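Visitor: Here's the letter readout for the chains.
Number of protein chains: 2
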Amino acid sequence: MNAPGKILIFICDGLADRPVAELGGRTPLEAATTPTFDRLAAQGENGLFDPIAPGVRAGSDTSHLALLGYDPYEYYTGRGPFEALGVGMDVRPGDVAFRCNFATVEERDGELIVTDRRAGRITEGTAELVAPFDGLELDGVACYLKESTAHRAALVLRGDGLGAGVADVDPHEEGRPVPEAAGETPADEKTAAVVNQFVRLSYEKLKGHAVNEARRQSGEPPANILLPRGAGMAPALPPVTELYNLTAGAVVEVGLIRGIARYCGLEVIPLPPAVNGGLDTDLGAFMEATAAAVAQYDLVLANVKGPDVAGHDGDAAAKVDVLQRIDAASAALFDGLPAGLHLALLGDHATPVAVRDHSGDAVPFVLWGPGARVDDVTTYGERPAATGGAGRLRGQDLLPILLNLAGRAEKFGA
Amino acid sequence: MNAPGKILIFICDGLADRPVAELGGRTPLEAATTPTFDRLAAQGENGLFDPIAPGVRAGSDTSHLALLGYDPYEYYTGRGPFEALGVGMDVRPGDVAFRCNFATVEERDGELIVTDRRAGRITEGTAELVAPFDGLELDGVACYLKESTAHRAALVLRGDGLGAGVADVDPHEEGRPVPEAAGETPADEKTAAVVNQFVRLSYEKLKGHAVNEARRQSGEPPANILLPRGAGMAPALPPVTELYNLTAGAVVEVGLIRGIARYCGLEVIPLPPAVNGGLDTDLGAFMEATAAAVAQYDLVLANVKGPDVAGHDGDAAAKVDVLQRIDAASAALFDGLPAGLHLALLGDHATPVAVRDHSGDAVPFVLWGPGARVDDVTTYGERPAATGGAGRLRGQDLLPILLNLAGRAEKFGA
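First to last, the sequence lines map onto chains A and B. Numbering of the first sequence is given in our numbering, commencing with residue 184 and proceeding in unit increments. Numbering of the second sequence is given in our numbering, commencing with residue 184 and proceeding in unit increments.
For reference, chain A alone in the conformation it holds in the complex:
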């Protein structure tokens, strides 16, 4: 065996797409002028992959779990833990985590009636609203709360003997009372008891909060309660560093994927504020950070968010444009890769501009580096990739293939 080599997984988020009429039936990637990507395709082995399975619409969380080699059906344990990771919270195996909504309730005949499940879609002041919960302990269980986007927050419970089999504290319709959480096993009951205390306490702490006084005065519904849902137990996930005996770093623009990378054992590289996950992100700084990470770590996962943003916006021209700018900005990075490195250039899922959301379409990839079976594909795109030598794979297949090429795979058998 050769000495183990470096690996770079370079992800254009939401890359893949469908034929677009305004692009002459080409996809944005096919329509974009991408000489750097095309060079890699021409020098590499091309194929398509289904992030989870054919037709399955992957989230960014499940697709990245798969690309890091984990079975998402085993390790994706509900929205709560991944929402908490996404807002940068410290989540540990065995923690039970929830998504929360700030909501509006009124007291009527001793009951709390939900009058707005999203507290008027509050956008400001939620950082102040979570502050009173700092250091909270209920029944010996530590509670951590952090605001997310708009009316959302994440709640992490850490303590012994907690279960995640707790139904959502969600009345589903306005005008109904706040339901009680309940669990069936002793562990679930323990969690439910903590959740019910937390919900009542959230009302006590929030009803007279200065942010809510100001909201009332401006005619907005107060964010005077927190309603947890999407309970999930943070999975006991063996880190990639231990699984594959390597060092690993992540160059990632957005919170959710940063959180997943950290949870999977990758060091998350700090990025300057101009690397902002938007269409106007500083691509040069992103590429420099990726090059630095490649110099430092055995395995680097890089995720540039722009194509997904353009896909969600339904803007084909913007998707073409950002792909062209990523291609141009990446030239120096890919030209300067250390000898012997293996690169996978790919998306994490499709975000077609016609769909404005993730879809279950297959995603093109290039495997590049020593030993790759260079095929006849000369441009990077969905349909060229379909004619490539690697065929159609699944997201979870790609890391083992890279580890194999990099001389880092264990033999199975003698």
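Derived by calculation from the structure, the hints in this document are not laboratory data. These figures come from a predicted structure and were not determined experimentally. Please note: incorrect hints may appear among the correct ones.
Because identical chains share one entry, a pair is satisfied inside a single copy or across any pair of copies.
Derived pair list, reagent style EDC-like, types lysine to aspartate or glutamate, alpha-carbon separation capped at 20 Å [said to hold, decoys possible]:
#	residue 1	residue 2
1	K594	D496
2	K594	E257
3	K388	D496
4	K594	D540
For this one, chain A is given, so just place chain B on it according to the hints.
Guide: Here is chain B on its own, set in the frame of chain A:
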């Protein structure tokens, strides 16, 4: 997400084949002149699929389970329930069903000795022979019996606490006594007790039956006992209508697949008698019924049987001919499909004329409709499809892919 669209799964039963010398090394599909299918291939995304897994010889039952999105390894619970579905019986989750043979026994020294396991392959009179069993109840278990083809029948037991772990009542060789059914668990013992009563009772009811008197007089062995085998518990199978939140109809020529479609939650469309599942079926009426079903339902499964019949007959010319006639008859259907519909044109398995039975060869498919990544394939056939953009999939992958294209797939993750 776009508004959810319609889906048509159009199955030419037994479509796929192997190269045939008398066709110049082409398959019947490759040799047939099929301008309609070719147009769909040219406008669509092509590929091959293995109905169950590579090399696995699928039955019509298991292949249709897979094409409707069910794992046949989970939901195919033995021949009995599917034989009963195939003859049009009402089968419900939890029923225990058997295939039965009419057989011939003789009393010798107080034992019933099987002298012909198939009662001289009886072909007539079996409907009269099952009549005495109508409304039978044994140990509080309702028994339903219906004749199938030739010496075959199906038995359904419905009652509380039944098990399906019951060995076949089959002596395997002639000249041996009728064995007793036995079970190991209480549920299996209960079923075995009912089966043993049923077998004895079948002898009592059949030995003097008029049909058998007539058979004896013409020198044929009497069909004087029923021997159940292939016990299986009808699976608790969530209907496609609930799984995917849609309405669903089936346009199907033959009983087994009609039964499976009904069991999977599809409405089975009545067809005129001239749509008979043979090579002389009324293809025009079949296509009209399919068009009407497409107008009415979100998801339609259509199955035209002719190619499978020609394959079982080992008749390459007949297979070419029926494919050409299906192609011609389908032009109006496919020309008139509603805007936004997604179509899969495929077989359910291969029935090569050289094999005269189902084989485990891969089957070509076309995915056609908005968002399909149109590839370079311009004709419909096994080897053109192998060069298509969709690669090689499995039967169970196809419905998720169609649901994804039709805007009907749930996101997995965030």
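Visitor: Are the hints correct? Go through all of them and say.
Guide: Checked hints:
{"no.": "1", "hint": "K594 / D496", "verdict": "between (45 Å within a copy, 18 Å between copies)"}
{"no.": "2", "hint": "K594 / E257", "verdict": "between (24 Å within a copy, 16 Å between copies)"}
{"no.": "3", "hint": "K388 / D496", "verdict": "neither (38 Å within a copy, 73 Å between copies)"}
{"no.": "4", "hint": "K594 / D540", "verdict": "between (40 Å within a copy, 9 Å between copies)"}
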